[in-house]
Amino acid sequence: MNKARSIYKMLLKKYGYQGWWPLLELEEKDPNSRGYHPGDYGYPKNDAQRFEICCGAILTQNTAWKNVEAALRNLRDAKALQAEQLLRVRLPQLRVLIRPAGYFNQKSAYLRTFAAFFRKLDERIPGRDELLGLKGIGPETADSMLLYAFKQPKFVVDAYTKRMCSQLGLIESSKYDDVKGFFERQLPREVPLYQEYHALIVEYAKRNYTKKITCPIDESL
DNA sequence: AACCAGGACGTGA
DNA sequence: TCACGTCATGGT
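Reading the first sequence from the start, the letters are residues 830 to 1050 in our numbering.
Everything labelled a hint here was simulated from the structure, so no lab data went into it.
Just so you know, not all the hints are guaranteed correct.
[Said to hold, decoys possible] Pair by pair, the computed Cβ-Cβ distance ranges are:
1. Leu997 - Arg919: 28 to 38 Å
2. Ile1000 - Arg957: 18 to 28 Å
3. Tyr932 - Lys858: 41 to 51 Å
4. Thr942 - Gly998: 37 to 47 Å
5. Asp1007 - Arg917: 17 to 27 Å
6. Asp1006 - Asn831: 25 to 35 Å
7. Lys908 - Lys1004: 33 to 43 Å
8. Glu1001 - Arg917: 31 to 41 Å
9. Tyr870 - Thr892: 41 to 51 Å
10. Arg917 - Ile1000: 24 to 34 Å
[Claimed, not checked] Mimicking BS3-like on lysine-lysine, the simulated pairs with C-alpha atoms at most 30 Å apart in a straight line are:
11. Lys874 - Lys858
12. Lys1004 - Lys1035
13. Lys949 - Lys838
14. Lys832 - Lys842
15. Lys949 - Lys980
16. Lys895 - Lys1009
17. Lys949 - Lys842
18. Lys1004 - Lys991
19. Lys838 - Lys964
20. Lys842 - Lys908
21. Lys874 - Lys838
22. Lys843 - Lys980
23. Lys858 - Lys964
24. Lys949 - Lys991
25. Lys908 - Lys1009
26. Lys1009 - Lys843
27. Lys1004 - Lys980
28. Lys949 - Lys908
29. Lys964 - Lys842
30. Lys832 - Lys964
31. Lys980 - Lys874
32. Lys1035 - Lys964
33. Lys838 - Lys908
34. Lys1009 - Lys980
35. Lys843 - Lys949
36. Lys1035 - Lys949
37. Lys874 - Lys895
38. Lys832 - Lys858
39. Lys1035 - Lys895
40. Lys832 - Lys874
Glycine included, every Cβ here is placed at the ideal spot set by N, Cα and C.
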């Protein structure tokens, strides 16, 4: 078994299924779930949920998820959490709605750009390069959208992933595409696997790398 | 009360 | 290509 698989196995045993990506609707149905849906890969179930995930992907750039949730709730309560509707909101108002997520000047513009793109999609699955062409969507955001909203087997690499790889000495390069390739070459192209793996890395990193502290290598990995 | 969080962009070397 | 400054709120 290769390293990518064995690490996944250990992380899964340690933390269990994560059930990403969180959705507002699920959090309210069961606050205890915090929006996650472990074991159920049937999400998103509709266009609105797809759009919500994409907005979350943009809003969470370098931002704590809790702040993103507040912004998403504001959007939904203002009936602006669907592409068509979001485009009707005036820019100053949009800034106010997403304020808790920070960077509201940039992100408000990013959301508009993306909403226009999303509306035009009309059920079609966007290509990675198309997404990267939009202002405000870099490699991680594009892969997050593709993996969690459009269910395409794209491995998501974030700062935590690079940090873990570097700490465990898995790969020399920390360039996005190199790290992404490292995992994609070793794993079967399965969406649930990619989804869980990224979420597990985040969970692992939150427990080991926070507060300026890098814990010693977890030997169980 | 600094420091950080599920990054991306613009700029200058 | 690549390092670096910038963007902003809320929690610790």
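(request) Starting from the range 31 to 41 Å, see whether the pair Glu1001 and Arg917 falls in it by beta-carbon distance. (result) violated, 49 Å
(request) Mind checking the alpha carbons of Lys832 and Lys964 for me, to see if they're no more than 30 Å apart? (result) Between Lys832 and Lys964 the Cα gap is close to 35 Å, so the pair fails against 30 Å, i.e. violated.
(message) What's the verdict on Lys964 and Lys842, does the C-alpha distance respect the 30 Å limit or exceed it?
(response) Distance of about 39 Å is beyond 30 Å: violated.
(request) Assess, step by step, whether the Cα of Lys1009 is no farther than 30 Å from the Cα of Lys980, and give holds or violated. (result) holds, 17 Å
(request) Starting from Lys843, check that the Cα of Lys949 is at most 30 Å away, please. (result) violated, 42 Å
(request) Would you check the hint for Lys1009 and Lys843, treating anything up to 30 Å between C-alpha atoms as holding? (result) holds, 23 Å
(message) Checking one constraint from the list: CA of Lys874 to CA of Lys858, max 30 Å. Satisfied?
(response) Judged against 30 Å, a Cα distance of about 15 Å means the pair holds.
(message) Would the hint linking Lys832 and Lys842 be met if the CA-CA limit is 30 Å?
(response) Status holds; Cα separation ~15 Å.
(message) Please verify whether Lys1004 and Lys980 have alpha carbons no more than 30 Å apart.
(response) holds, 24 Å
(message) Lys949 and Lys842 were given as a pair; does the straight-line alpha-carbon distance stay at or below 30 Å?
(response) violated, 42 Å
(request) Hint says 18 to 28 Å; check whether the CB-CB distance for Ile1000 and Arg957 agrees. (result) holds, 21 Å
(message) Lys1004 and Lys1035 were given as a pair; does the straight-line alpha-carbon distance stay at or below 30 Å?
(response) With Cα atoms ~21 Å apart, Lys1004 and Lys1035 stay inside 30 Å; holds.
The structure shown violates the earlier hints numbered 1, 3, 5, 6, 8, 9, 10, 13, 17, 19, 20, 23, 24, 25, 29, 30, 33, 35, 36, 38 and 40.
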